[in-house]
Amino acid sequence: MITFTFNGLELTARTGQSVAAALLSHNERITRLTRISGKPRGIFCGIGVCFDCLIIIDGKPNQRSCITEVKEGMVVVTQDGA
Amino acid sequence: MEHKHQVIVVGGGPAGLNAAKYAANAGCEVALLDSATRLGGQYWRNTGNEIEDQATHHDFDQGSLLMDAVTANPRITHYPNTTIWSAAILDDEITLRTQDDVFSTTRLILATGAYDRSLPFPGWDIPGVMTAGAAQSLLKGEGVIAGKRIVVAGSGPFLLPVASGITSHGGKVVGVIEAAGRFAWLPEILTLLQNPTKISEGLGYLLTLRKAKVAMRFKQAVVAAHAGADGLLDSITVANIDAEFRIKSTYSLQCDVAAIGWGFTPDTSLAGALGLKEEVAADGSVVVVVDDNQCATSPQPEVQVFAAGEITGIGGSGLSLAEGAIAGLSAAASRTNLRQLKKLRRRAHRFALTLQRVYSIPAGWQSWLTPETIICRCEEVNYEAIQDVSEKFGADDARSAKLMTRCGMGMCQGRICSRNVADLLNSPDSDRIKGVYRPIIAPITLGELAQDGLL
Ligand SMILES: Cc1cc2nc3c(=O)[nH]c(=O)nc-3n(C[C@H](O)[C@H](O)[C@H](O)COP(=O)(O)OP(=O)(O)OC[C@H]3O[C@@H](n4cnc5c(N)ncnc54)[C@H](O)[C@@H]3O)c2cc1C
Ligand code: FES
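The listed protein sequences derive, respectively, from chains A and B.
Counting in the numbering used here, the first sequence runs from 1 upward without gaps.
Counting in the numbering used here, the second sequence runs from 1001 upward without gaps.
If you're looking for bench data, these hints aren't it; they were derived computationally from the structure.
Just so you know, these numbers come straight off a predicted model, no measurement behind them.
One or more of the hints may lead you astray.
Residues from chain A shown here face chain B by an in silico Cβ test under 7 Å; the list is partial [said to hold, decoys possible]: (1) Leu11; (2) Ala21; (3) Phe44; (4) Cys50.
Every residue, glycine too, gets a C-beta built ideally from N, C-alpha and C.
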């Protein structure tokens, strides 16, 4: 078991899981808001192709949550814009 | 860091794994580069938990045997988490770049596979709408069921393992919605019967779905998605469609996930960057052209480039395996078992073409769009903007549409929208091929480019 935070909330994940999958297992489906219309987006292709699941991880924006493995103590924040 | 290898294989799916194995067994020193942490590609995706993996995987034994053989082979070096973002032929050598490393070789095997083909419709950008492959990779690779009420939709045999996998892991599939008719395969029955293992695999999935009382609907499609107050998927509009995919009547269905797949699109971006010859296949996708030995047409004869698996055409894991083996042998200039392998490939290829015919996608999906429907998800370009380009400026190619609307210029580099934009603009084949040419294939930040002295 791994603990990480999402928008300040403490969540758990299984070792080896992607950030997107860990979020989804807590029913968190929105990873970012779009740059132009501010609409919510979440996981779409699931394999790193579409760049819809972008999220801020440990302060770094534009990370693909579906192919980034969640790590102990990670700080994950919804990405607003981009 | 710089790495030089006798043979380099890009892609660790069925095609790349077999290519590495056959080339190494024929005496070559091989590097196997893959962007994922674990080998297996899209088919043998695994969580690293053997019990779970065995339960979700068809052919898991074959996959683990192959992966073990590759990992144990001293002639093969596996580079995990290695995404190639540019490829070029320089000074009679092929150079591949990741963010930190440079790989070079004179013999390259490309096995970069495919991703789900998506068709746009109103609301397809709402969180909860995803590809069928996404639902599958969540289940197989992550051990997560995508939602509480899942609709699996689109067209093709891939919908069955997705729906049956979710069902047998305790998930609720509220319907499988297939655009083709219930008996669409009947005219092709003779070819299909020549592949009994595939047929029994399909029947197995159908049995699981029937036991779980999952409704199978035919000649229907998801034509709109609707969000609830929380912005998440709440319901979908399903249409009865005619043979051209035009809407006849509609009804609504509640669900929190719509996993939709319209077959697959080959990821030929590396091949395009290398200037390999590509063509538009019978199913409308752009594929790498190869000869009988899986050899691609390289712009410089001093280097050899082979291509195997779904980048040469969509055909499933069996065809990918056969093509990978042939590419591996060819790269090693060996002929051991070549004839049998070619026979295998021929049969798998015939089966693949048959399925493409049965589950072909006519242009009627374009009538589902409204002016506001997003076409390019990255740059949020809607249908109206694309129509404006073609009507006002007479642009009929994806490149002009791209320059005028920014469509296809976002982070995914047009992987999701370019095929649809080409369809909407009725682009000629030459533009479809040009449209997938991209020197930088996996986006990196401008800072990283500048650091490398490329800007
Ligand atoms: C999401 C998804 C799920 C699927 N699930 C199934 C399934 O459950 N059952 C089934 O029968 N078929 C499934 N398929 C169909 C699948 O495409 C084929 O069955 C088969 O995996 C194709 O084999 P391949 O070796 O050609 O390519 P793939 O298996 O797609 O392997 C290609 C590999 O290349 C790597 N790659 C691509 N570009 C680069 C790059 N630039 N740098 C480094 N590495 C790169 C990818 O990470 C991947 O590992 C799925 C397809 C997708 C897209
Ligand atoms: S969901 Fe497509 S890149 Fe992550």
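Tested hints:
no.: 1; hint: Leu11; in the structure: 13 Å, violated
no.: 2; hint: Ala21; in the structure: 4 Å, holds
no.: 3; hint: Phe44; in the structure: 5 Å, holds
no.: 4; hint: Cys50; in the structure: 5 Å, holds
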